[in-house]
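Peer 1: Go by the hints and put chain R onto chain D.
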Amino acid sequence: MRGVTAMSKIYVIEDELAINRAICLNLEAAGYDVEAAYNGDDVMAALFNGQHFDLALVDVMLPGKNGFELLKPLTGRGIPVIFLTAKSDTESKVTGLSEGAEDYITKPFAMPELLVRVGKVLERYDRADKMLQVDDIMINVPERSCKKSDSPLSLTPIEFNLLLVLVRNKNIALSRDKLLAEVWGQLFEGETRTVDVHIAQLRKKTGLHIVSIPKVGYRLEETL
Amino acid sequence: MTVRAKLTLLCILLIVLVVIAACIMVFSFAKGSALKTAYDAGLTDYEQFSRSLSAARADIRNAQELANLSYLKYIFGNIYGCQEYALQSGDASISNNTGIDAYKFLCRNGKTVTDNSEVKYGYVSVDNASYLIIGGDIYMRGESYHLALVRDITAIYAQVSALAVKCLIFCIVLLAVAALCMTFVVRNTLKPLSVLHTGVRRIAAGKYDEYIHINGRNEFSELAEGYNEMAKAVADRIDEIEKTAEDRKLLLAALSHEMRTPVTAITAYAHSLSHVRMTEEQRQEALAFINDECLRLERLSSKLMQLIALDSRTALNFEHISSAQLIQSIEPLITPVASENSIQVTFDNPAEVHYRAETDLIVCLLTNLFDNARKAGADKIAIGLYTGLISVSDNGCGIPAEKIPKITEPFYKLDQSRNTEGFGLGLALIRRIAEAHHAELLIESETSVGTTVSIQF
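Protein chains in written order, with my numbering: chain D, 1 to 224; chain R, 225 to 681.
Simulated from the structure, these hints should not be mistaken for laboratory data.
Among the hints, a few may not be true.
Stated by the list, open to error - Sample of chain R residues at the chain D side, in silico, Cβ under 7 Å:
1. Arg484
2. Thr485
3. Val487
4. Ala489
5. Thr491
6. Ser496
7. His499
8. Val500
9. Arg501
10. Phe513
11. Glu517
Said to hold, decoys possible - What follows is a list of derived Cβ distance ranges for each label pair:
12. R:Arg537 to D:His52: 58 to 64 Å
13. D:Asp41 to R:Arg537: 43 to 49 Å
14. R:Asn573 to D:Thr95: 37 to 43 Å
Claimed, not checked - Quick list of in silico lysine-lysine cross-link-like pairs, DSS-like style, CA-CA up to 25 Å:
15. R:Lys604 to R:Lys637
16. R:Lys599 to D:Lys65
17. D:Lys65 to R:Lys637
18. R:Lys637 to D:Lys93
19. D:Lys65 to R:Lys630
20. D:Lys65 to R:Lys627
21. R:Lys473 to D:Lys93
On a predicted model such as this, the values are computed, not experimentally measured, just so you know.
Note that CB positions come from ideal geometry on N, CA and C, so glycine has one too.
Chain D on its own, in the form it takes in the complex:
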């Protein structure tokens, strides 16, 4: 059983320093535990030392062992792999997926897309955190229950879903459209005002810092 403080651990294997750092920055902000590697040989060494990860983001073109060569050692240890690469040709995409990669993201990619795919793969592997904590708010995802300083908090299903999305992307701003799509569903043709109303409601009930970022959207900020 995972402890309350345990976070999904993600291995970022990418040789481009700038891109590696950008991915780590976003994942860390969203609350993941991140470890970076810049070449294939380091990855092999880490795996031999018995390190475990919940997910690996792997660049195909790597110095030392390349991404495809790392696939078997990673999946063999039960670590799902998402490939990141500048190679957009379908052939390598098919090779990657047929040999057991979970997903494939082609550069240039957008960070929100990467975060969504990471979340989906973790959910599929049941590695998504079941207990989430932000400040004094504790969320039990399977039970869909929520506590504020140990006393139960009553939330409507919409409010619970909204809170879940915000917590899973904590410290990262989400646009009103994105929130509408995630919480109300892609087909919901509501106005963005709906989001504002529910955010106000959630702020009142939980007392969390849900900051409105001009021209961007809302961001749940954890007290540092």
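Peer 2: Relative to the frame of chain D, chain R by itself:
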């Protein structure tokens, strides 16, 4: 109507006309000559007959009028060939065995034999029979009589007609043979046209590498040669265009690949700056990365611009530069970098030499070669300036032999995954510069010993 059909028909028509004209001429000559023979014989016979008649009449003297006439009739009947003659006195017929009123006919239609003669002649057709009539006045014992020869010449006409029919049949056979020959000759003569046509259609269908061959030496074979030259020129041009297009495609693919990493990094940091809650330190780091990646794109762009500018230039500004001037131009550019990286640079210039080149381009070439040597990890770089040869030698990591042919391609890097600071454009640029100077680029290298790149003018 095709040219072939037109030409064939025209030739046949011409032959028909010539043959018909010849036929008509032969026919008329034959007829004329047969009639002339008959006429000559007729005239001789007529004169003979009239002389015989006159001689016989001269023997009779002082006979009475009636007895005279009977006697005349008698001697007329006794002369050989009298069946063909008619004799009359004034309008009264004395004897006529011919059944034709020859005197009346001659008076109306007769032509005189000669200008001064009283003898007349003419041709007449009666009841499918043709006759030659020759007649005139004869004087016997002071009296005038009319004598006429009427000769049946139907057989002569029949002969001529038979000749005409034979002639016609022969002509038709001749025509058929001539038409056949004409068709064959025209078809053979125009055959090269269909060969050319096939060739032209092939070009239209995009097959440029097939040539045509026409036998002999004539206008068509010259046209075929011209066609082949054209096809070759088109094929060459197409090849050139295709090669350029392929090069462009590769260049664009490499360029977009090269741009992907910096663009991904810049978008990622820009997005993070606006969406992610970051510490001040992280914010500074993000900004620094954006700055670095932008500078990298800028370097890529300027390097590429140099390459493109060189590609599109048609003429260089050649000038005579001495090796000393060249050293003077390069030294300030490379010495600071060399000392910063503790690289020992030596110039080898045994004697003052001159080059016919564009100074800026040669300086660009040498600095690029210097950069390559530095990136290869060299600590000793020798720049040699000799007669018609400039070389840069280093003791860097070297280039594997199998990669040397590819190394001058744009965006080609020795280690594709290693994020070196370059883009793989340096040697591509150097090659273009060498080509623009009609110089040869030579690369000699040995792994972990060093590389020598030389430009041979």
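Peer 1: For every hint, state whether the structure bears it out.
Peer 2: We went through each hint and held it up to the structure:
1. Satisfaction of the interface hint for R:Arg484 is found here, the shortest Cβ-Cβ separation to chain D being roughly 4 Å, below the 7 Å cut-off.
2. Hint status for R:Thr485 relative to chain D: holds, with the closest Cβ pair at about 5 Å, below 7 Å.
3. Restraint check, R:Val487 versus chain D: the minimum CB separation of about 5 Å is within 7 Å; hint holds.
4. The criterion of a C-beta within 7 Å of any C-beta in chain D is met by R:Ala489, whose closest approach is roughly 4 Å, and the hint holds.
5. At its closest, the beta carbon of R:Thr491 sits 6 Å from a beta carbon of chain D; the interface hint therefore holds under the 7 Å criterion.
6. For R:Ser496, the interface hint holds, the least distance from its beta-carbon to any beta-carbon of chain D being 6 Å, beneath 7 Å.
7. Restraint check, R:His499 versus chain D: the minimum CB separation of about 4 Å is within 7 Å; hint holds.
8. Taking 7 Å as the C-beta contact cut-off toward chain D, the hint placing R:Val500 at the interface holds, the least distance being around 5 Å.
9. About 4 Å separates the beta-carbon of R:Arg501 from the nearest beta-carbon of chain D, less than 7 Å, and the hint is met.
10. This hint holds: R:Phe513 has a C-beta 5 Å from the nearest C-beta of chain D, less than the 7 Å allowed.
11. Annotation: R:Glu517 was flagged as interfacial toward chain D, and the flag holds, the nearest CB pair being 6 Å apart, inside 7 Å.
12. As the Cβ distance of R:Arg537 to D:His52 is approximately 60 Å, the hint placing it in 58 to 64 Å holds.
13. Roughly 46 Å separates the CB atoms of D:Asp41 and R:Arg537, a value that falls within the hinted 43 to 49 Å.
14. In this structure the supplied range 37 to 43 Å is violated for R:Asn573 paired with D:Thr95, their Cβ-Cβ distance being about 54 Å.
15. Proposed proximity of R:Lys604 and R:Lys637 is supported: the alpha carbons are some 22 Å apart, at most 25 Å.
16. Annotation: proposed proximity of R:Lys599 to D:Lys65 holds, straight-line Cα distance about 23 Å (limit 25 Å).
17. Taking the CA atoms of D:Lys65 and R:Lys637, the gap is about 18 Å. The hint holds against a cut of 25 Å.
18. At most 25 Å may separate the alpha-carbon atoms for a hinted pair to count; R:Lys637 and D:Lys93 meet this at roughly 23 Å.
19. For the hint linking D:Lys65 to R:Lys630, the alpha-carbon distance of about 24 Å falls within 25 Å, and the restraint holds.
20. A distance of roughly 21 Å separates the Cα atoms of D:Lys65 and R:Lys627; the hinted pair therefore holds under the 25 Å criterion.
21. In summary, the hint linking R:Lys473 to D:Lys93 is supported, as the alpha carbons are separated by about 22 Å, within the 25 Å threshold.
The structure does not agree with numbered hint 14 stated previously, though it agrees with all others.
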